[in-house]
Amino acid sequence: MTVVTVVFGIFAVLALGSAVLCVSRRSPVASALWLVVTMFSLAALFVLLDAQFIAVLQVLVYAGAVMVLFLFVIMLLNLGRGAAQDRKGVLGLTVGLVLAALLFVQLKFLRGAAPPELIRLPPGVMAQTQQQAGMVGAIATPLYEAYLVPFEITSVLLLAAVVGAVVLAKRKL
Amino acid sequence: MLLGPTLAVAAVLFVIGVAGVLIRRNAIIIFMCVELMLNAVNLTFIAFAQTLGVAGQIFVFFVMAVAAAEAAVGLAIVLAVYRHKETVDLRNINLLKG
Chain U
1 MTVVTVVFGI
11 FAVLALGSAV
21 LCVSRRSPVA
31 SALWLVVTMF
41 SLAALFVLLD
51 AQFIAVLQVL
61 VYAGAVMVLF
71 LFVIMLLNLG
81 RGAAQDRKGV
91 LGLTVGLVLA
101 ALLFVQLKFL
111 RGAAPPELIR
121 LPPGVMAQTQ
131 QQAGMVGAIA
141 TPLYEAYLVP
151 FEITSVLLLA
161 AVVGAVVLAK
171 RKL
Chain H
174 MLLGPTLAVA
184 AVLFVIGVAG
194 VLIRRNAIII
204 FMCVELMLNA
214 VNLTFIAFAQ
224 TLGVAGQIFV
234 FFVMAVAAAE
244 AAVGLAIVLA
254 VYRHKETVDL
264 RNINLLKG
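Chains as they are written, first to last, in our numbering: chain U, 1 to 173; chain H, 174 to 271.
By construction, these hints were calculated from the structure, which means they are not laboratory data.
Take these hints with a grain of salt, some might be off.
Stated by the list, open to error - Covered by chain H, per the in silico footprint, the following chain U stretches (three or more residues, Cβ under 8 Å):
hint: 1; stretch: 13-19
hint: 2; stretch: 32-39
hint: 3; stretch: 71-77
hint: 4; stretch: 91-99
hint: 5; stretch: 127-139
hint: 6; stretch: 160-166
To be verified - Quick list of simulated restraints, FRET-style, between CB atoms:
hint: 7; chain 1: U; residue 1: V13; chain 2: H; residue 2: D262; range: 17 to 25 Å
hint: 8; chain 1: U; residue 1: L99; chain 2: H; residue 2: D262; range: 17 to 25 Å
hint: 9; chain 1: H; residue 1: R256; chain 2: U; residue 2: L99; range: 26 to 34 Å
hint: 10; chain 1: U; residue 1: Q131; chain 2: H; residue 2: D262; range: 19 to 27 Å
hint: 11; chain 1: H; residue 1: L268; chain 2: U; residue 2: R171; range: 18 to 26 Å
We treat Cβ as the ideally placed atom computed from N, Cα and C, and that holds for glycine.
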């Protein structure tokens, strides 16, 4: 039991617990705030897995921008209290939970499928790359070289999303 | 190495998201559960990036961009539906039901 394992366990339990609360709380505002807790815990897990830059992005983009957008819409539509009929009845609840459990069983089988030895990098190579190129450089260099075209396509996608959101949400164009 | 436990956490997180989509009726909460599933997949990518190279982290970057775009457009759709129907309860949004 190293320190890393203990910290991993704490944040894993925090992420899963707040995810369950996010799904089960009746009020949409409480749900959104528990989702923020999940995202912060996931950012902590990312740090433990040698992805510090992605952890910062997770806090900035997900916990910051996306969740503020969700809360903004919840408050704009005045959904703060949450309806009594928000969850499905006994039948829907049972079917949903059984389907989710089936999916979990399927995912458990996949857990044994480790990647083949040939394509696996030696342990610690990620930390080494970050030492040489820096936290941001380790991601930025491949992003602007090997993945340049997808990166540019992403910018077009974001532009389309901006235009689409304005067109959909505006009362009269 | 934390690969095994991380994949287990990601699987459980994904299943919680699926359960949320299946048992809730509020469109916005279902959206949040979809975000939860995307986050679980991101965790898997990050876990494999440790052993398979930095490409996993770059994919997480793209997933985040797509998720942000999806949230913006999806919430705009919810707003438009609310303006039309005065509710976000999915039982009342059944235009395609036979």
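For each hint, the structure was consulted:
By the rule of at least three residues with a Cβ nearer than 8 Å to a Cβ of chain H, the coverage given for the stretch 13-19 of chain U holds, with 3 such residues. Interface restraint, the stretch 32-39 of chain U with chain H: holds (4 residues with C-beta to C-beta distance below 8 Å; minimum three). For the stretch 71-77 of chain U, the stated coverage by chain H holds: 4 residues have a C-beta nearer than 8 Å to a C-beta of that chain, and at least 3 were required. Taking a C-beta to C-beta cut-off of 8 Å, the stretch 91-99 of chain U contributes 6 residues in contact with chain H, enough for the three needed, and the coverage statement holds.
Note: the stretch 127-139 of chain U has 3 residues with beta-carbon separation from chain H under 8 Å; the three-residue rule is met and the coverage holds. Counting residues of the stretch 160-166 of chain U whose beta carbon lies closer than 8 Å to any beta carbon of chain H gives 6, which reaches the threshold of three, so the coverage claim holds. For the hinted restraint 17 to 25 Å between V13/U and D262/H, the CB-CB distance of approximately 33 Å leaves it violated. For L99/U and D262/H, the Cβ-Cβ distance of about 21 Å falls inside the hinted range of 17 to 25 Å, so the restraint holds.
Restraint check, R256/H to L99/U: a C-beta distance of roughly 32 Å satisfies the suggested window 26 to 34 Å. With their beta carbons about 53 Å apart, Q131/U and D262/H fall outside the hinted range of 19 to 27 Å. The beta-carbon spacing between L268/H and R171/U, approximately 20 Å, falls within the hinted interval of 18 to 26 Å.
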